[in-house]
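*Asks:* What follows is the residue order along each chain.
There are 2 protein chains.
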Amino acid sequence: MLKSFTIIAVAAVGIGVGTNYYLQRVPDMPKLDLNRWWGDGDKPNQEDETIRPFKIIFNDTMIDDLKMRLRNRRPYTRPLEGMQSEYGMNTIYLEKLLKYWQDEYRFKERADLLNRFPHYKTRVQGLDIHYIRVKPEAKGKRVLPMLLMHGWPSSSKEFDKIIPMLTTPRDEYDFIFEVIAVDLPGFGFSEGTNKPGLDPLHIGILMKNLMNRLGFEKFYVQAGDWGSQAATHMCTVFPDDILGFHTNMPISIKRISKLKTLIGSLFPSLVVEDKYRHRMYPLSDTFSYLMRESAYFHLQATKPDTIGAALTDTPAGMAAYIFEKIGMASNKNQLHTPHGGLENLALDDLLDTVTILWANDRITTSMRIYAEAFVTSEIFIIYEIPTKVPTAVIKFLHELIYQSDFILRDKFTNIVHSTTLDVGGHFAGLHTPKELVDDVFESVVEFIKFHEKNYK
Amino acid sequence: MLKSFTIIAVAAVGIGVGTNYYLQRVPDMPKLDLNRWWGDGDKPNQEDETIRPFKIIFNDTMIDDLKMRLRNRRPYTRPLEGMQSEYGMNTIYLEKLLKYWQDEYRFKERADLLNRFPHYKTRVQGLDIHYIRVKPEAKGKRVLPMLLMHGWPSSSKEFDKIIPMLTTPRDEYDFIFEVIAVDLPGFGFSEGTNKPGLDPLHIGILMKNLMNRLGFEKFYVQAGDWGSQAATHMCTVFPDDILGFHTNMPISIKRISKLKTLIGSLFPSLVVEDKYRHRMYPLSDTFSYLMRESAYFHLQATKPDTIGAALTDTPAGMAAYIFEKIGMASNKNQLHTPHGGLENLALDDLLDTVTILWANDRITTSMRIYAEAFVTSEIFIIYEIPTKVPTAVIKFLHELIYQSDFILRDKFTNIVHSTTLDVGGHFAGLHTPKELVDDVFESVVEFIKFHEKNYK
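Going line by line, the protein sequences match chains B and F. So the working numbering is basically just the index in the first sequence, starting at one, shifted up by 308. So the working numbering is basically just the index in the second sequence, starting at one, shifted up by 308.
Treat each hint with caution, since some may be false.
Copies of the same chain look alike in the list, so a pair counts if it fits in one copy or across any two.
[Unchecked claim] Subject to a maximum C-alpha distance of 27 Å in a straight line, what follows is the list of computed BS3-like cross-link-like pairs (lysine-lysine): (1) K503 with K404; (2) K640 with K742; (3) K449 with K469; (4) K640 with K503; (5) K407 with K375; (6) K757 with K742; (7) K696 with K526; (8) K429 with K469; (9) K339 with K562; (10) K696 with K761; (11) K363 with K443; (12) K526 with K447; (13) K339 with K696; (14) K696 with K757.
Simulated from the structure, these hints should not be mistaken for lab results.
Chain B with its partners taken away, still in its complex shape (with noise of 0.2 Å):
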């Protein structure tokens, strides 16, 4: 009796300490070429390092070709009868966004808008980048370099509201942004790669490379969706270089953090404050949504080429496509209106949006990330390595994924800053840009401080 009850408490302590260790080892950083080449063919002997003025134009020929397609498409079928956005993008709905943007969308003063920053295109690691970068009147203030990353289906477009915000004094603050708010490789202006591989891993080494470039060697980041996942790989590989992260879409991906999710939803408290339990639980909740949303991650993850042919030459196939996805991301409970949730945005934001995905053809490019992300071991370890960047967090009510910082803090080990707000959606820079840059600016006054203490 004795001796069975021996055996079964080692064996307890045993898969105990096994499954701890499994869980909770960090693996080794594996060996990353921070220089690979994603330009066509071999790498040459020679890099044109040089950084190109560029200007945003959307030319004639691609205005009328847009408008001819836009007026010479077929009759949609209308939704079915008292459904709203239930089955997908309302048909109705979507003809009077389509007739605006051929009718009344101003293709020339929207990139006029665009234009008012500078922007610029250069070559890292054989592909062409394009970005704005808008250098502040310091006004006796501190001038702290951050880089601005988006995601899918964005570019930098996606924060010409926080830009000015950014780059503007506040009395109540000794430091200000010079802002380097970039196109991830394959959106928006910048080039797309036509070797497989360039995962959202590979891609934070490119912006690290692009920093450098621009005389950066340390510099702070603030990023959402895809944008997130490259600059917390950049946190993980890069932890010196990382001043501070500023993340709108924080998501801890190890082992560990999955086990709590699950514990959590058994014993919620242990996981997660009362007040927010509603956003992570029931889990069969949080499934159904995505289970529900999900459908073009899943599609993007494995058949991006098919999905991208299919709307490469179809603007109103791409921007029913696309709006969809946003108004859902926007909100998730109005799928019972026309909008489904897209009215949470102005109409132009969204247009430029689209308009910059059409202009330059990033359809496919861009959803490659998904699959990419999905394919090498890499990316795996890393996510598993914790990261001792100073970190803020912050969590829009209708982001597409919420985790309590118990679970975030697997990953993210000093998170010194984090809100929780009941207001606003996955893009944040469009939707809420004041709370967004507010957050922002707080942040960094606890990245100041965490420097401080820890490295003086």
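With the hints as your guide, set chain F onto chain B.
*Replies:* Below, chain F without anything else, positioned relative to chain B:
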């Protein structure tokens, strides 16, 4: 000690009996409105029951518009270096197919080929339903009525190779078929509904009403894909009217079948013959394959109106989306080729399917079946009710889902013929018509024997 053993034993037996009851319990047939109105507005007092001859016409306006759109398409993003169909449709290969569609596909000839069969339309439950009806020359044989039902993205076109084979007498058999090949509502030349709820169950009811309209009280059915789902429901709801069911995509979705599938992952020999084990197990392979290939299903089941709208005005895009799925469904293992499985079928057959979808604008209406199939509770109840209809199953090598007869018998209690082939795929009528028809003849012999034995 004895007491606790008793408690455990009683609890175990209780759980076993309870689980068994839950898994095996046959629910009552739900009340179904067998004349539900699917037309616009309310059901009229007088219904139009006329049967109208119909001819397929690909008219010049449609053809010119289609060719104009194909000519005007934008260049595609090329596949990533070294990739064939791993990221989805290979756009270099796609260009060849589209060029053929634009320059070489003979629209009028292809329509004529279909028009060699007599076509008809008639209104059933408010929807205009198209079908082919071929009466054979009996030549002293018994004439047996057989309904053929296709799936997505097909139409009655899928049967144009097998119709002549089913209506040609064979020396070895004393029967021959009168064939009714129907277009499901919202597919091919059949009208789609504007009302929500037309799921495979209600499609089955509508098909039964169509057969009654044509004067057939009892008949045989051959079907695959969604047609097989609808036919399975017909066999469940009208077991006395279906004389025999031949399916090339047999599926049991009963709870007990799912449990058996799981148990088989531990003890495969309990569930499946050794020689076909690799078609079901390891489950991880099945899941990986389904994860890789089921995004279209996920999208169409959740956002059919979005992807429908996206593909409404681009024939090239619609073709790309559909071609990729047809290729995969014809061969699971050809992702590393540019055609991805497409070359198992004749290009003209593929283009017939796509042209019919395009010309009739059936992309949204046909995709909605995926969403409807998961809405009503009735359908999930009916899944659990077995059918006594004599059933023949044929399992082609590359069919999307394989279940052993041991599992299929949960749903189909009288499987009288079962064939497993090392050839073929999902579109059996186009891919392996001879194998399919031979099996139909053989199976009907068994159906007749079954009825002689059980009802005479």
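*Asks:* Taking the hints in turn, state whether each one holds.
*Replies:* Hint check:
Taking the shortest alpha-carbon separations for K503 and K404, only the inter-copy value of 23 Å comes in at or below 27 Å, while the best intra-copy value is 39 Å. When the C-alpha separation of K640 and K742 is checked against a cutoff of 27 Å, the pair qualifies only within one copy, where the shortest distance is 21 Å, while the shortest distance between copies is 51 Å. When the C-alpha separation of K449 and K469 is checked against a cutoff of 27 Å, the pair qualifies only within one copy, where the shortest distance is 22 Å, while the shortest distance between copies is 79 Å. In this assembly of identical chains, K640 and K503 lie within 27 Å of each other by CA distance solely across copies; the values are 25 Å between and 36 Å within a copy.
Proximity of K407 to K375 under the C-alpha cut-off of 27 Å is found in both arrangements, the shortest distances being 10 Å within a copy and 25 Å between copies. In this homomeric assembly, K757 and K742 come within 27 Å of each other (Cα to Cα) only inside a single copy, at 23 Å, whereas the closest approach across copies is 77 Å. Taking CA atoms no more than 27 Å apart as the test, K696 paired with K526 passes inside one copy only; the shortest distance there is 15 Å, against 73 Å between copies. Taking the shortest Cα distances, K429 and K469 sit within 27 Å of each other inside one copy (21 Å), while across copies they are farther apart (57 Å).
Within a single copy, K339 and K562 get their C-alpha atoms as close as 20 Å, which meets the 27 Å cut-off; across copies the closest is 49 Å, which misses it. Within a single copy, K696 and K761 get their C-alpha atoms as close as 14 Å, which meets the 27 Å cut-off; across copies the closest is 77 Å, which misses it. Taking identical chains as interchangeable, the C-alpha atoms of K363 and K443 lie at most 27 Å apart only when both belong to the same chain, with a minimum of 17 Å there against 69 Å between chains. With identical chains, the CA atoms of K526 and K447 are at most 27 Å apart within one copy only, with a shortest distance of 22 Å there and 89 Å across copies.
In the homo-oligomer, the alpha carbons of K339 and K696 lie at most 27 Å apart inside one protomer (20 Å), although the nearest pairing across protomers, at 62 Å, exceeds that limit. For the homomeric pair K696 and K757, the shortest alpha-carbon distance inside one copy (14 Å) is at most 27 Å, but the shortest distance between copies (75 Å) is not.
Violation of the numbered hints given earlier is absent; every hint is satisfied by the structure.
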